[in-house]
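Novice: Each chain is listed here by its residues.
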Amino acid sequence: MTALALSLVVPWAAGIVLVILDGRRRLVGWLAVAALAANLAALVVLAVSVLSDGQVAGTTGDWPAGVGITLRADALGVLFALLSSLALLAATIHEVLEGVRERVFPGLVLLLATGLTGVFLTGDVFNFYVFFELAMTASYVLATYGGARRELGGALVFTMVNLLGTFVFLLSVAGLYHVTGTLSMAEVAARMDGVEANAALLIAVGFFIAFSVKLGLFPFHFWLPTVYTATPPAVAAILSGGLANIGVYGVLRFGGELLPRELELAATAMIVIGCASIVYGGVLAVSRRTASEMLAYSAIGQVGYVLVAIGVGGPVGFGAAILYTVVNAFNKTLLFLTAGMRGALVGAAFAVGALSVAGVPPAAGFVGKLEMFRAASDSPALIVLLFLGGALSLVYVLQVYQYDFWRGERTGGRSGWPQQALIAVLALLVLAAGLWPEPLLALSQDAAAALPGRDR
Amino acid sequence: MRLVFALAASILFGTGAYLLLNRDLVRLVLGVVVISQSAVLTLIASGLTRGNAPIYPLPDGEISDPLSQAMALTAIVIGLAVTALLSVLILRVVLAYRTEELDEVGREEAEREARLERDDAAEHRAEEEAAR
Chain V
54 MTALALSLVV PWAAGIVLVI LDGRRRLVGW LAVAALAANL AALVVLAVSV
104 LSDGQVAGTT GDWPAGVGIT LRADALGVLF ALLSSLALLA ATIHEVLEGV
154 RERVFPGLVL LLATGLTGVF LTGDVFNFYV FFELAMTASY VLATYGGARR
204 ELGGALVFTM VNLLGTFVFL LSVAGLYHVT GTLSMAEVAA RMDGVEANAA
254 LLIAVGFFIA FSVKLGLFPF HFWLPTVYTA TPPAVAAILS GGLANIGVYG
304 VLRFGGELLP RELELAATAM IVIGCASIVY GGVLAVSRRT ASEMLAYSAI
354 GQVGYVLVAI GVGGPVGFGA AILYTVVNAF NKTLLFLTAG MRGALVGAAF
404 AVGALSVAGV PPAAGFVGKL EMFRAASDSP ALIVLLFLGG ALSLVYVLQV
454 YQYDFWRGER TGGRSGWPQQ ALIAVLALLV LAAGLWPEPL LALSQDAAAA
504 LPGRDR
Chain L
2 MRLVFALAAS ILFGTGAYLL LNRDLVRLVL GVVVISQSAV LTLIASGLTR
52 GNAPIYPLPD GEISDPLSQA MALTAIVIGL AVTALLSVLI LRVVLAYRTE
102 ELDEVGREEA EREARLERDD AAEHRAEEEA AR
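Chains V and L, in that order, are what the protein sequence lines are. Numbering-wise (my numbering), the first sequence opens with residue 54 and increments by one. Numbering-wise (my numbering), the second sequence opens with residue 2 and increments by one.
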């Protein structure tokens, strides 16, 4: 419980203080990095205790259970919190090394980390909304980072679309409270069986739309390319490596735990939407020639895989979805950070990330793709489609690699050695996860076991 | 009572959605405000009960549902903060683009796309010339 409280309090308190200070100063930036590292350390301690002794839960303010807000950490929540925290830490170190350009940046990243940690570690539906809104509000401001016309235009689109998404989410929360009379996730899951099917389906569709907007799935993707190409690399890495995890987590938590019946009902629809995302993202990414544009469309395609795996469902499907999300978040953080850099190590790091996106061993993406094929092994059509998606991703990443590093179309000065060392470390992590995938596989199996789902 | 709430919330949502479809940037903010009110109304309607004030220790008899009120209050506060943020964002966009029309903001993005494609095509032609 101490580690759980610390992982929320440290970034929150530090964030409030650092928002006031001038973030362009080196010291403030490093303080933010230290607070993020402390958050990560608390989460690691929490993860160790969750994985060895099972779920950690507590009630805020020592209220009796049922009155206070419950915080709980299970394997799924801890894994996502760790992942997001790591992505944020890498992007922040990168930006501090490059030199922060706006005073609020370090504080906002910390507040975003608070929101993300809270979303993943809360056991209360309305509390989920509050942390969700905290994370989103911080990211609305982060999207304006840089402050030129393009960033502002992108931030406007991002804010409007995602605000609508959160209101749809809030409407669904109200509906869930109305039909079950409770906000605690465990209670909701227990009472959902007695709820009228149509009402439950309407609520489930609301949640799905809200999280699909965050994910940038195919029919809800229209805002994503504008935003990811307009924002600077560090912010794009934060949005795609950290914030987008909320979408996957939300679909898994609300679909797998709270509304399993509705998830089962929508399984085919989810697989179809996922496949549409894979094809759409892949085809459009092939037609792009700058790294950030290619990555933006690739992000749409990659979440399609996750949705297909969730649609397949069961321990295998959920496990594959979680593993793929972890690998994808690593890839996107690494590749977005390399987007604005030049140097000896940058090309190598980009190549590792590119191979990982395409699913070529020994990079981590191979393990993700392998699990996807395992989940889809029942249906030949799905396997063909996954193969097609993989082929498209191989084409688009290598095409951009060729433009940028062989023909030397990437302009700008050489990046400093510290930045290059940072992305080299990230690339080594991706390689290590591919060469020694057992811990990651075990983690994702544990996380999938936290969801009841349906049995297959 | 439920029907009244449902009608009011849906009319608010519809009005907000209509405002969002407008080109005027200020109306976008108004649309978001109206839609947030619709969400707040739905939250209140989700736990409609009449009774005594729910203050601990609980009095005898029925008490009114405190949770939906707490949720509505939280949603109002968050809505206020988001509205303030959105207003500032719109102000900065208006200052940067010197326009209050959404079309102008979109046009710039479309022009950039078109320019990139033209550059690509020109380069492609140059390559073909060189090959010949």
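Derived from the structure by calculation, the hints contain no laboratory data. Using N, Cα and C, we set each Cβ at its ideal position, and we do this for glycine too. One thing to keep in mind: the hints can contain errors.
[Stated by the list, open to error] For each label pair, taking beta carbons as the anchor points, the in silico distance ranges come out as: (1) R244/V x D61/L: 24 to 32 angstroms; (2) L484/V x E102/L: 48 to 56 angstroms; (3) T84/L x R244/V: 29 to 37 angstroms; (4) V101/V x R24/L: 31 to 39 angstroms; (5) Q498/V x G52/L: 44 to 52 angstroms; (6) L96/L x L423/V: 46 to 54 angstroms; (7) E491/V x G52/L: 53 to 61 angstroms; (8) I77/L x V101/V: 23 to 31 angstroms; (9) I77/L x E317/V: 33 to 41 angstroms; (10) D75/V x L96/L: 37 to 45 angstroms.
Novice: Now tell me, hint by hint, if it's right for this structure.
Specialist: Status of each hint after checking the structure:
1. R244/V x D61/L: 24 to 32 angstroms: 27 angstroms, holds
2. L484/V x E102/L: 48 to 56 angstroms: 49 angstroms, holds
3. T84/L x R244/V: 29 to 37 angstroms: 34 angstroms, holds
4. V101/V x R24/L: 31 to 39 angstroms: 54 angstroms, violated
5. Q498/V x G52/L: 44 to 52 angstroms: Taking Cβ atoms as reference, Q498/V and G52/L lie about 48 angstroms apart, which means the hint holds.
6. L96/L x L423/V: 46 to 54 angstroms: Once the Cβ atoms are compared, 51 angstroms apart, the range 46 to 54 angstroms for L423/V and L96/L holds.
7. E491/V x G52/L: 53 to 61 angstroms: 57 angstroms, holds
8. I77/L x V101/V: 23 to 31 angstroms: Since I77/L and V101/V have Cβ atoms about 40 angstroms apart, the given range 23 to 31 angstroms is violated.
9. I77/L x E317/V: 33 to 41 angstroms: 36 angstroms, holds
10. D75/V x L96/L: 37 to 45 angstroms: 23 angstroms, violated
Against the hints set out earlier in the document, violations occur for numbers 4, 8, 10.
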